[in-house]
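Chain by chain, the residues run as shown.
Number of protein chains: 2
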Amino acid sequence: MIYIKLTKRQEEIIELVKKNQPITSEQIAQILKVTRAALRPDLAILTMTGILEARPKVGYLYSKKGSNNIIYDYIKEITVADIKTKPVIVTEDTMVYDAILQLFLNDVGTIFVVNNGYLTGAVSRKDFLKIAIGNTDVHKVPIGVIMTRMPNIITVTDEDTAYEAAKKIIEHEVDSLPVIEKIVTDEGKEVFRITGKVSKTNITKLFVKLGSNS
Amino acid sequence: MIYIKLTKRQEEIIELVKKNQPITSEQIAQILKVTRAALRPDLAILTMTGILEARPKVGYLYSKKGSNNIIYDYIKEITVADIKTKPVIVTEDTMVYDAILQLFLNDVGTIFVVNNGYLTGAVSRKDFLKIAIGNTDVHKVPIGVIMTRMPNIITVTDEDTAYEAAKKIIEHEVDSLPVIEKIVTDEGKEVFRITGKVSKTNITKLFVKLGSNS
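Here the protein sequences line up with chains A and X, keeping their order. When you number the first sequence by the UniProt record's numbering, it's gap-free, plus one each residue, and the end is 214. When you number the second sequence by the UniProt record's numbering, it's gap-free, plus one each residue, and the end is 214.
Rather than coming from a laboratory, the hints here were simulated on the basis of the structure. Nothing here was measured: the structure is a model prediction, and the numbers come from that model. There is no bait here: all hints are sound.
One copy or any two copies: either way a pair holds, since identical chains are not told apart in the list.
In silico BS3-like links for lysine-lysine, alpha-carbon gap of 27 angstroms or less:
id, residue 1, residue 2
1, K205, K168
2, K19, K57
3, K57, K18
4, K209, K18
5, K205, K86
6, K19, K8
7, K168, K76
8, K33, K19
9, K33, K18
10, K167, K205
Pulled out of the complex, with its shape left as it was, chain A reads as follows (with noise of 0.2 angstroms):
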């Protein structure tokens, strides 16, 4: 995808077309103070690109169809599957000092759980935190019974678009989510292989990459 920067002179005109509307060139030209040739190529490549309409014998309309919102239509080609990282994952038989060993050795921000394979709980730093300040002993009691637990967590999937996670992070102030793929069991049960995570961190870094001038 490219785009085309306009200039200053051609971000002017629209403006005002948008005020003056219809206006024709040679009035246009009178309010920039320039001659109607010289307004030519600005003209042509507004017009040409659907931004403004030129009207026989009625003059210059603006158009809606010039789509300024060019971020909107870039993040949108973006998927979860192009940023998700691997996630770490125990077991719900895990101590919770143990999970929270790991959190620090991996330097993330959320645990998933799993059982027999399949996606059953996530914890976050801010549940440990609860747990740790509270009377729980955490090399006694296992993961499984203080994770948040399926249904309960919010997913996405690899087809998901990046700004549908971030979304999803910011409305169910999560920090991170897990990637999931939905299989169904030879006894027609639903279950939920994880296959990545999608992290405030992931996004922030996808923010940099677009903001990168490389």
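Could you slot chain X onto chain A? The hints should help.
Using the frame of chain A, we list chain X on its own:
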């Protein structure tokens, strides 16, 4: 700032020129199986915007002037001042336990610490968790003892871009940056007032805003 999205054919032309430059409009027309007249508006746009260069008797050349990094340009205009939010602040003599309560009450990831109104430290959820599972009595130790102390805190100012803030967050592996204002006291000492914070949450919210089609 307004951008124009190139049409599929315009992108095809750019690719053709990139690979075969210099190339004449006749050659482009032949390859794309269209008439030269049909190509004229596209070539006009591509040269007027500086993406292609038309050299008489030579043909079209690809010019690197036409930047295609839209997001970069756009993001560079958003400053820390635009996205910062209210920081949660305690004084150095606050007990660790009470600081953790503030963290939960305000649902933030980092607590900032001041002394005489000036920023002296920061403590993240991760730091708190480390303390909480250790042997420290969180009810008896003031936060001033465990905090990361200035100048070892990564900071930003209002004028920095959101991009720079995000980059610092990723590079230094922190969750939140205090937004500071440097003040030189009457005694010539440099001190820092905290006026806000920028966290991964703020960046994620900004990303959602950028991607919102409204």
